[in-house]
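Asks: Here are the chains, one letter per residue:
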Amino acid sequence: MGKIIGIDLGTTNSAIAVMEGGIAKIIPTAEGRNIYPSIVEPVKNLVGDVAKRQMILNATNTVFSVKRLMGQKFSGKQSQKTKEIVPFDIVEGKDGMAVVRIGDKNYTPQEISAKILQKAKSDAEKYLGSAVTDAVITVPAYFDDSQRQATKQAGEIAGLNVQRIVNEPTAAALAYGLDKGKNETVVVYDLGGGTFDVSILELGDGVFEVKATNGDTFLGGDDFDRRIIEYIVAEFKKETGVDLSQDKQALQRIKDSAEKSKIELSSATETEINQPFITQKDGQPLHLTMKLTRTKLEELVSDLIEKTIEPCKKALSDAKLEKTQIGEVILVGGMTRMPKVQQVVKDFFGKEPNRSVNPDEAVALGAAIQGGVISGDVKDILLLDVTPLTLGIETMGSVMTPLIERNTTVPTTKSQIFSTASDNQPQVEIHILQGERPMAQDNKTLGSFILDGIPAAPRGIPQIEVSFDIDANGILNVTAKDKATGKEQKITIKNATNLSDEEVEKMKQDAQRYEAEDKKKKELADKRNEADTLIIQTRKVLKDAGEKFSSEAKDEMEKALTSLEAEVKKTDASFESLDSELKKATEIMQKHAEALYKAAQENQPGQGSDQTTPPGSDENKKTAEEGEVVS
Amino acid sequence: MVKKTKNQDLLNKISELEESYKRVLADYHNQERRHKESQSEIIQMANASLIEKMLLVLDAIELAQSHLKDKGLNMVIDQFEKTLKSEGVEKIDTKNKEFDPMTMDCVEVVPGKNNYVVSLSAEGYMLHNKVLRPAKVRVGNTSNQ
Chain U
1 MGKIIGIDLG
11 TTNSAIAVME
21 GGIAKIIPTA
31 EGRNIYPSIV
41 EPVKNLVGDV
51 AKRQMILNAT
61 NTVFSVKRLM
71 GQKFSGKQSQ
81 KTKEIVPFDI
91 VEGKDGMAVV
101 RIGDKNYTPQ
111 EISAKILQKA
121 KSDAEKYLGS
131 AVTDAVITVP
141 AYFDDSQRQA
151 TKQAGEIAGL
161 NVQRIVNEPT
171 AAALAYGLDK
181 GKNETVVVYD
191 LGGGTFDVSI
201 LELGDGVFEV
211 KATNGDTFLG
221 GDDFDRRIIE
231 YIVAEFKKET
241 GVDLSQDKQA
251 LQRIKDSAEK
261 SKIELSSATE
271 TEINQPFITQ
281 KDGQPLHLTM
291 KLTRTKLEEL
301 VSDLIEKTIE
311 PCKKALSDAK
321 LEKTQIGEVI
331 LVGGMTRMPK
341 VQQVVKDFFG
351 KEPNRSVNPD
361 EAVALGAAIQ
371 GGVISGDVKD
381 ILLLDVTPLT
391 LGIETMGSVM
401 TPLIERNTTV
411 PTTKSQIFST
421 ASDNQPQVEI
431 HILQGERPMA
441 QDNKTLGSFI
451 LDGIPAAPRG
461 IPQIEVSFDI
471 DANGILNVTA
481 KDKATGKEQK
491 ITIKNATNLS
501 DEEVEKMKQD
511 AQRYEAEDKK
521 KKELADKRNE
531 ADTLIIQTRK
541 VLKDAGEKFS
551 SEAKDEMEKA
561 LTSLEAEVKK
571 TDASFESLDS
581 ELKKATEIMQ
591 KHAEALYKAA
601 QENQPGQGSD
611 QTTPPGSDEN
621 KKTAEEGEVV
631 S
Chain H
632 MVKKTKNQDL
642 LNKISELEES
652 YKRVLADYHN
662 QERRHKESQS
672 EIIQMANASL
682 IEKMLLVLDA
692 IELAQSHLKD
702 KGLNMVIDQF
712 EKTLKSEGVE
722 KIDTKNKEFD
732 PMTMDCVEVV
742 PGKNNYVVSL
752 SAEGYMLHNK
762 VLRPAKVRVG
772 NTSNQ
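Those sequence lines, one after another, are chains U and H.
Under this note's numbering, the letters of the first sequence match residues 1 to 631, in that order.
Under this note's numbering, the letters of the second sequence match residues 632 to 776, in that order.
It is possible that part of the hints are untrue.
[Claimed, not checked] Beta-carbon label-pair distances, calculated as ranges: (1) U/Leu300 <-> H/Lys761: 46 to 56 Å; (2) U/Lys508 <-> H/Glu647: 47 to 57 Å; (3) H/His759 <-> U/Lys260: 19 to 29 Å.
[Stated by the list, open to error] Just so you have them, the derived chain H footprint on chain U, three or more residues with Cβ under 8 Å: (4) 42–51; (5) 240–254.
Source of the hints: derived by calculation from the structure; they are not laboratory data.
Quantities reported herein were computed from a predicted structural model and do not represent experimental measurements.
C-beta: ideal position from N, C-alpha, C; glycine also.
All chains should be modelled from the sequences, with the hints used to inform the complete structure.
Replies: Next up, the structure:
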């Protein structure tokens with residue numbers, strides 16, 4: 001079986017998701033958005049944003065909120081109420097069912113919904129690069145059998161095998177990962193663009209039971225927007241005496257501003273509405289500028305938010321539950337991003353609502369998870385572990401050099417080339433560390449071994465490849481191999497990823513607590529390494545090409561080196577003193593190196609010295625910084 | 632007999648594992664492919680959100696210009712538009728065009744030629760052949776006359 005996609009077929013917006021690598025993901029639409037308007041123009045076959053854009057021009061042919069008509073009799077209350085608020089025609093069709101009439105053709109709500117689902121199918125196919133034939137579609141928990149049947153038919157018309165119809169609150173709970181937890185009672189508070197639903201679910205052993213559901217099918221984000229628009233228009237009139245409610249273009253701009261400021265006020269406490277040249281009065285342009293505070297917005301919509309509480313009370317009493325028996329409250333729908341909504345929910349249930357999943361996407365993600373369970377994707381996927389802490393080895397100056405960073409998914413392999421710290425070093429010690437601290441001694445030692453038999457060579461020349469390999473069971477194999485001889489040594493460390501949560505937490509916290517201090521230590525170690533490198537390399541040059549320097553130059557250089565060396569050897573040397581000694585020494589080396597170059601050029605025009613790199617030159621500095629050397 | 636069923640169980644298990652392995656591998660390959668695709672797209676579209684915000688400023692300047700009719704301001708607008716063009720932003724041509732919901736957003740229906748753009752309410756723009764912002768237009772309708 002191919003992939004089963006999850007579709008949140010919403011009243012206002014729809015969304016698509018699929019399981020990939022064991023994780024539910026939202027499929028972006030062809031327009032690059034995560035959700036798309038549930039709007040259809042069936043004659044020209046336009047769906048989503050494109051249909052929305054021609055809505056004003058083509059109002060009687062553009063269908064929205066068709067979900068309200070699914071499986072409804074024409075004579076029913078719901079159909080009649082919908083008929084009042086939409087510009088397109090709703091008539092009685094076969095068996096007394098409500099259908100949409102466009103031109104001289106009747107469209108069943110199933111056919112219209114099928115167009116929305118067809119877009120989901122084709123956008124998913126484009127994203128996945130393969131045919132999609134199966135889907136899980138969500139419906140509100142209160143949908144009766146005929147409404148569910150109609151939704152299923154819509155899927156079939158769209159060319160999808162509807163593997164399951166899932167309740168929206170159940171899907172949301174799945175997306176929040178609540179199926180894995182304990183047995184508990186969960187409230188799903190869903191405030192979307194056009195409808196409000198509250199459901200009480202009982203979870204037990206992976207089974208979800210809807211205990212009660214309630215809501216208001218004509219309450220949502222659109223009502224909130226309208227309140228803001230009305231307020232802006234009224235304020236502007238108060239200020240200028242001009243009524244913008246009759247000016248369609250101005251209204252459009254105000255609508256855009258209202259939506260934008262509503263979103264901004266979810267994170268900011270104040271926002272500015274700026275629409276220059278909104279209209280004219282006596283030939284003079286008028287500008288709309290006003291501040292809207294979060295407090296004002298909350299005041300404007302407080303009764304709308306309060307309206308959601310009564311259904312919550314009813315649902316609780318229908319389920320015969322007390323607020324204290326609720327284990328978790330989860331939020332769904334874009335409007336739940338509003339801090340005031342969260343506050344009201346918290347105050348009512350006496351519990352901080354869980355908002356860890358994007359409220360616009362939760363239902364579609366849950367549908368995809370359900371699809372994954374059906375296709376066996378979810379059950380079969382190995383739960384891959386991650387390394388809880390960084391793994392690395394100790395390098396010159398007691399520095400911890402990471403090889404596998406924290407949170408890397410295992411199994412994985414990483415390798416890096418290291419070298420020796422001194423000339424003719426016959427062996428290296430591989431000291432394996434785990435932790436987040438930059439200095440070796442502050443981390444946990446997992447093991448160590450020695451690779452010997454390295455042929456005599458100057459420091460930095462031997463190439464020792466160190467590889468870390470963690471298998472799916474968390475077993476770490478560390479291998480060190482001398483590339484010249486092919487000689488290798490290894491160690492196996494069991495349970496490298498298997499730390500208790502407390503251990504991991506403690507190590508992470510330590511890393512945070514000592515961050516500033518550690519940074520200083522690391523900088524000092526780096527400086528020491530830099531000084532060491534300069535001393536060793538300069539000595540080497542003096543030994544190999546000493547005759548090219550004057551004896552005064554040699555003396556001066558030797559003096560600088562000795563003084564730098566003394567500083568390096570001091571255990572309590574400060575970063576500043578090391579740095580200033582190093583700078584002094586570097587300057588002296590550079591001065592003499594330059595003189596040497598000059599002399600060489602004068603003696604042999606056109607031929608540069610390529611035998612030895614003068615100490616303290618830029619090139620040397622670079623290697624000193626980058627050279628990672630096994631201690 | 633017992634051995635046989637055990638073997639069969641193992642064979643089943645192997646094919647089951649093989650199947651799930653292939654699935655994960657396929658997921659990975661698809662992810663890689665998409666990553667590559669989206670990466671080049673991201674590079675192209677990285678400026679989109681910034682440009683979109685700048686367009687709002689341009690709208691305001693253009694509105695100001697329609698009132699002020701200042702020569703200097705005209706130069707500023709010209710400069711602004713040239714800069715956008717150099718970043719791959721193209722204006723959507725709406726003049727005397729038939730209404731196209733792919734690139735246009737109808738904000739009002741006014742008297743005029745049926746289904747044709749009568750006037751522009753806000754410019755629309757494409758970025759690298761993708762609609763960055765549909766043009767907001769007033770569309771004609773003869774029955775409105």
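Asks: A separate judgement is required for each hint: does it hold in the structure or not?
Replies: Status of the hints after comparison with the structure:
Between U/Leu300 and H/Lys761 the C-beta distance comes to about 36 Å, which lies outside the given range of 46 to 56 Å. Remark: the range hint 47 to 57 Å for U/Lys508 to H/Glu647 is contradicted by a beta-carbon distance near 38 Å. Distance hint check: the CB atoms of H/His759 and U/Lys260 are about 25 Å apart, consistent with the given range 19 to 29 Å. Interface restraint, the segment 42–51 of chain U with chain H: holds (3 residues with C-beta to C-beta distance below 8 Å; minimum three).
With 3 residues bearing a CB less than 8 Å from a CB of chain H, the segment 240–254 of chain U meets the requirement of three and the coverage assertion stands.
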